[in-house]
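Peer 1: Each chain, written out:
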Amino acid sequence: MLGTPILGQFGPFLFAAPFKLHQVGWCSAILRSLQSARRQGRRYLYTLNTAGLKTTKFGLSLECTVADNCIVTSKYNIITFLPVNLFEQFQEVANTYFLFLLILQLIPQISSLSWFTTIVPLVLVLSITAVKDATDDYFRHKSDNQVNNRQSQVLQNEKWMNVRVGDIIKLENNQFVAADLLLLSSTEPHGLCYIETAELDGETNMKVRQSLSVTSELGDPDKLAQFDGEVVCEPPNNKLDRFSGTLYWRDCKYPLSNQNMLLRGCVLRNTESCYGLVIFAGPDTKLMQNSGCTKFKRTSIDRLMNTLVLWIFGFLVCMGVILAIGNAVWERKAGSLFQNFLPWDPSVNNFLFSAFLSFWSYVIILNTVVPISLYVSVEVIRLGHSYFINWDRKMYCSHSNTAAEVRTTTLNEELGQVEYIFSDKTGTLTQNIMSFNKCSINGHAYGTCTMQKNKDFSSWNPLADGGLCFYDGSLLEAVKTGDLVAHEFFRLLSLCHTVMSEEKTEGALVYKAQSPDEGALVTAARNFGFVFCSRTPGTVTVHELGRPVTYTLLAILDFNNIRKRMSVIVRNPEGRIRLYCKGADTVLFDRLHPCNHELMNITTNHLNEYASDGLRTLALAYRDLTEDEWEEWAELYRGAGRTVDFREDRLAAAYEEIEQDMMLLGATAIEDKLQEGVPETIAILSLANIKIWVLTGDKQETAVNIGYSCKMLTDDMTEIFIINGHTVQGVREELRDAMKEEETQGLGKACSLGNGFSEKPKNPTSPTSLLESISGEFALVISGHSLAHALEADMEYEFVETVSVCKAVICCRVTPLQKALVIELIKRHKKAVTLAIGDGANDVSMIKTAHIGVGISGQEGIQAVLASDYSFAQFRFLQRLLLVHGRWSYLRMCRFLCYFFYKNFAFTMVHFWFGFFCGFSAQTVYDQYFITLYNIVYTSLPVLAMGIFDQDVPEQRSLEYPKLYEPGQLNLLFNKREFFICITQGIYTSVVLFFVPYSVLSHATQSNGIALADYQTFAVTTATALVIVVSVQIALDTGYWTAINHFFVWGSLGSYFTILFVLHSDILFSLFPQQFNFLGSAQNTLKQPVVWLTIALATVICIAPVLAFRFLKVELKPQLSDTVHTGSHRSGYAFAHQEGFGELITSGKNMRLSSLALATFFKEKDSTEMRG
Amino acid sequence: MMASSYSAKEEDGHHPGASGAGGAAANGRKPDNTAFKQQRLPAWQPILTAGTVLPAFFAIGLIFIPIGIGLYVTSNNIKEFEIDYTGTDTSSPCFSCYQNFSWNSTLPCKCSLPFSLDQPFESNVFMYYGLSNFYQNHRRYVKSRDDSHLNGNLYSLTHPSKECEPYAHRDNVPVAPCGAIANSMFNDTMELFFVHPNETRSQIPLKRKGIAWWTDKHVKFRNPGGNGDNLTAAFQGTTYPVNWHKPVYELDADPENNGFINEDFIVWMRTAALPTFRKLYRIIEKKSSMTPTLPSGNYTLEVTYNYPVHSFDGRKRMILSTISWMGGKNPFLGIAYITVGSVCFFLGVVLLLIHHKYGNRSSSPDIAS
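Residue numbers (numbering that gives the first Met the number 0), protein chains in the order written: chain A, 0 to 1171; chain B, 0 to 368.
Hints were generated in silico from the structure; no laboratory data involved.
One should not assume that every hint holds.
[Unchecked claim] Computed cross-link-like contacts, PhoX-like style, restricted to lysine-lysine with a CA-CA straight-line distance of at most 20 Å: (1) A/Lys-1086 <-> B/Lys-216; (2) B/Lys-206 <-> B/Lys-216; (3) A/Lys-296 <-> A/Lys-1116; (4) B/Lys-29 <-> A/Lys-393; (5) A/Lys-238 <-> A/Lys-206; (6) A/Lys-206 <-> A/Lys-563; (7) B/Lys-36 <-> A/Lys-393; (8) A/Lys-698 <-> A/Lys-238; (9) A/Lys-131 <-> A/Lys-141; (10) A/Lys-1112 <-> B/Lys-356; (11) B/Lys-109 <-> B/Lys-245; (12) A/Lys-1086 <-> A/Lys-975; (13) A/Lys-1116 <-> B/Lys-356; (14) B/Lys-78 <-> B/Lys-286; (15) A/Lys-296 <-> A/Lys-829.
The structure displayed is predicted, hence computed values, not measured ones.
This is chain A alone, in the form it adopts within the complex:
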């Protein structure tokens, strides 16, 4: 009963359950069925049935995995939260480690600290993390609900998540397709419907889908309910452009192709409504299959931190071993003799066992070198930075009313280290709005100089569209005065297209264009008096300067990628036959009549001008045909159309025949409108040494145009390589040629890259990037086919070699998955931080693959935003995100980590030195409460405040001097070397903190004669000195003292003394004498002048060398940030000029621009209108 005929092809399948019927709603049924027969192997066979009302009801219980359309990203619910979250948290090595320590501490022979010294911080850390996880999950629930509860019509209103395979869905105009559908019928004739796939593949033009003719009459719900076809199709896959399957219905089989499919993520356009059968839902949809797997992203600092924590563990074990050996020696030499006073514990019978126990005791004591609060503090800081990004008004777009949003809060500092940006084109760099910008008619260029406000066309043309941004008085004059060529020019535009028009109300024309370019051209013609009104299959009606004219449409010679042109052949009311052609200048100019030579030269100049401004150009031409010519050709054409084999080729040949000897009319230039501030942003980012790649699904020409208009490509580049080969060999040749070219252009000395750049360690001190060693500027444009070859294992090496020399790289016609592969490649070979930015569903995979994914929000699609780590509304906010927020985050995080490791080493290593004086018995130097509170109370807040609020240079400086971004890319502020400096400083401090009190107090007495060298006094003195030293150190490290910093630093010191006196007070002692036996130590100790003299001495010995060292560093090797800071009173602008745009100008990158265009470069607004 199921699709057995083709089973042989797919192999046996386990089972296929029959259908199930669901009676719901008003008149009809939701047609639910099942799918999915699972095979043992790795392939699945999906079969699908729908059945009428008569069918039996059994079988649903057998249903296996029917994928529903519900998408769940949340992790917990209220009940599972606590156990699952705790389980997850204890999967963190650090937390398990502390749990292990806690258990160790319960063994009395080992316990060198009270149980609460570990449990209090552990509980605190766990609960902070739990709260954060809970908040995150709450928001995930919210966004899940939002998507899942979108309305969709399954012959009855349903939510997206309830859509099942086998359901029949009704889609209305401008709705998102909810799942992968088989188009059954549509309101348009012939079961046609139009979809926009920008979300899916980034292409802006509309596409047509057609239902099978047998299903196209299933127009009403009743008939649909009777539909009981059966679909056998390929398993879910990620290929967006192909689909194969078969529909079995009424004992016939019908082949299904991509032409019948509506994929999730598309938007229905120009079609009132349509019905579709759900083939794949939820995670099985092509869109979701293309989005790649979500990986938990970690920053490089995270990874470094984990390595360092492991090193510290190693260090801890070493210390433990040293002290345990010391303990063995001591117990043997002294301890055994001391047994009269201090017998060994009953279970300990020899020094070796004692040493073993002491090892664990020391592991407990010294565990504070791996600070338990490290991870949670890092998270808190990142959260703080995330809020600052969310709150930034300068990243708020008032147009779409969206603020920047941080969706992954754990990546902020990586924003300060980005080296590669991969950008989508449509919707990211461009607004996806085409505007008619310039034109050249009969050798006369229009639209070049006028910058005046849009004139209202409506005064003379009531049908004009107010949305057009093009106006040229002289052109309007030419039209009015009856310039025939201008008339013909606009007549062509109004005739030669595939736009549909619709007159909703009287006079209000709405055009439905397959591509926005066409829409723009027809609209331009409309405003200049040639208003395309309506079409029938055989006629086109145009209002020519107010006069309706109906042309007979004889043939449409449609556009395709190889022809790169389209033509129409029309007969005007007078009976003259004329061919109108528009197309790429390269193809069109070959087919002109020789007498056009002069005009062609002038027009070519204009076209070059337009192209270098990044405009999309088209040349327009016509040819008069005699009746005979037409008849002759029409015969050929009909013959070609009838053939079955090679129909396309035959047609193309026929078209070729007639598109000859044409007369040139002129050319148009359409601007793919850039988003605001794109060229400026790209210029600043490239000054910050960030390489920008454009990855787009769009055509090569379009992509190159955008490359020019956003100044990634310029005419002054030494060479722009175009890799366009279709074979492995071809691509390899092209890459080799490019390499050779690069080398001859001055790379001679830098050919070391031949023997393996990937192994070459990144040397932070000498940034010998290849970019700096070559004189010329290169760019590379590669197409999707070639990229597929270039990404193969044996060629990717050559590919990376070539592209790493290029300043700009444009990949066009790439699939979503290829975008991800390119990023993967760069991640693997360059070990650089990558950022991907995009707005559509086709960018999801690259957003997920890159270290940082940025989604453009405020547009219609939200797939990219949902997958992204950061989202904002405008591409230009990227410079602020990276140069200001990213840079600060990196700086703050590095400063935080340096200080954090320092303070813990200073704190903990004192125990190590004390071990040599207390018989290696794991006695702590400090009071146990001090140990408990040191990390979480006394020293946590000042460093958090620094980690959250610190600024080295004001934000405008970071934008003025993009070079300030470099330390992040070179990873200079926190690396293994810096880490060693920090811990060395920490160990030095611990030495001072132990030995200064040791030397002073061992013989000292109080001023009343009582000896001072008792344990409690020593503990209080050392602890106080430590708190003061680390407070002074944080004061030195803090570069930006806000009131909060003051409050935290002074507050921490204050809280230390307050808590100290409370813990050492009579009251607590009288309540719990065992626990608070430091009674009176604080009062007695801190009133001794000797103690304060000791603390002052220790502080100066600890801090003075640091101060001297830092001063010398600023004096002898100043960083740019130091200089910027100290030079802040000087004329910032002059300096900025040298640093900022100067380089751009001297590099000649923008020299080709006219002075006017240069002005636009600095001007934020209206950049699009002014380019010209």
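Once you have looked at the hints, place chain B on chain A.
Peer 2: Just chain B now, with coordinates in the frame of chain A:
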């Protein structure tokens, strides 16, 4: 009346229901323009410049050197005398005690050591005993006490904490005071005699009170049942530590200095931080302003040698010292201050030179780029 040109994005903007962008409703609000949220909080931005660092170094130098000199002079004016009476040397009068005495010995061993003071000790003189190689800071030793017990808690008195093991019970009778610290209490007694030129000896009165911290004496340590007269009854049902020769309520005749509040006991219980330490033993108060407390001349130290240190190579010392505002003799502090002060001053000079030589050039922005 005029329809707009085709524009996907714009057109859809008017269909919020259809597009329903997920996050848009949630974040579509303009952030507040507060200094905090925009990271524009007013802040003080200290920078390390020659103008701040160099004066700091000179200031530290100029402050530390005088303090150091003051400390050094003060320390030098303090008179201190130290005598080792362990008896490791065969010639020492305490040699036989050192060799033979152990915790098990029942008969006290006495020895007397003559010594002479070259200079008179003017003000109050403090008499210390010092022990070396004695690990009062050992972890197991430090925790082997019960503060609740020592605070006079009746329950703890008869149920000493298990931290006191193995000195919590003796023959199943609770030990008071319990623990290793109390058990090993220093119990040598020392008497000091001035030997007049005519060979007659006069005993120097030693004050045994006022040697402990006030908080220890009055808060931390309390006899069970309050500091009443009848300590014997209060300690009923307990026994004294194994190394002791008498119960805790017989430490002193003075009821204000007996039992747990005996100051010798309290001093001992305040464990030392380092294995070599001194503890205050007695105070020799100045009698009159005319005569020095301890005139120069010959003295004899009579020691009742009860405390065996032979087994662990310990040393015992007796120290006499006067004090000043900064306590006892402490040459290290003065020297350290002078050294650190000088180094800072010197560093200041070096940095000044470096600043003059290199600083001006490199801080100029024209070159720094």
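Peer 1: Determine which of the earlier numbered hints do not hold for this structure and return their numbers in increasing order.
Peer 2: Of the numbered hints, 3 and 12 do not hold.
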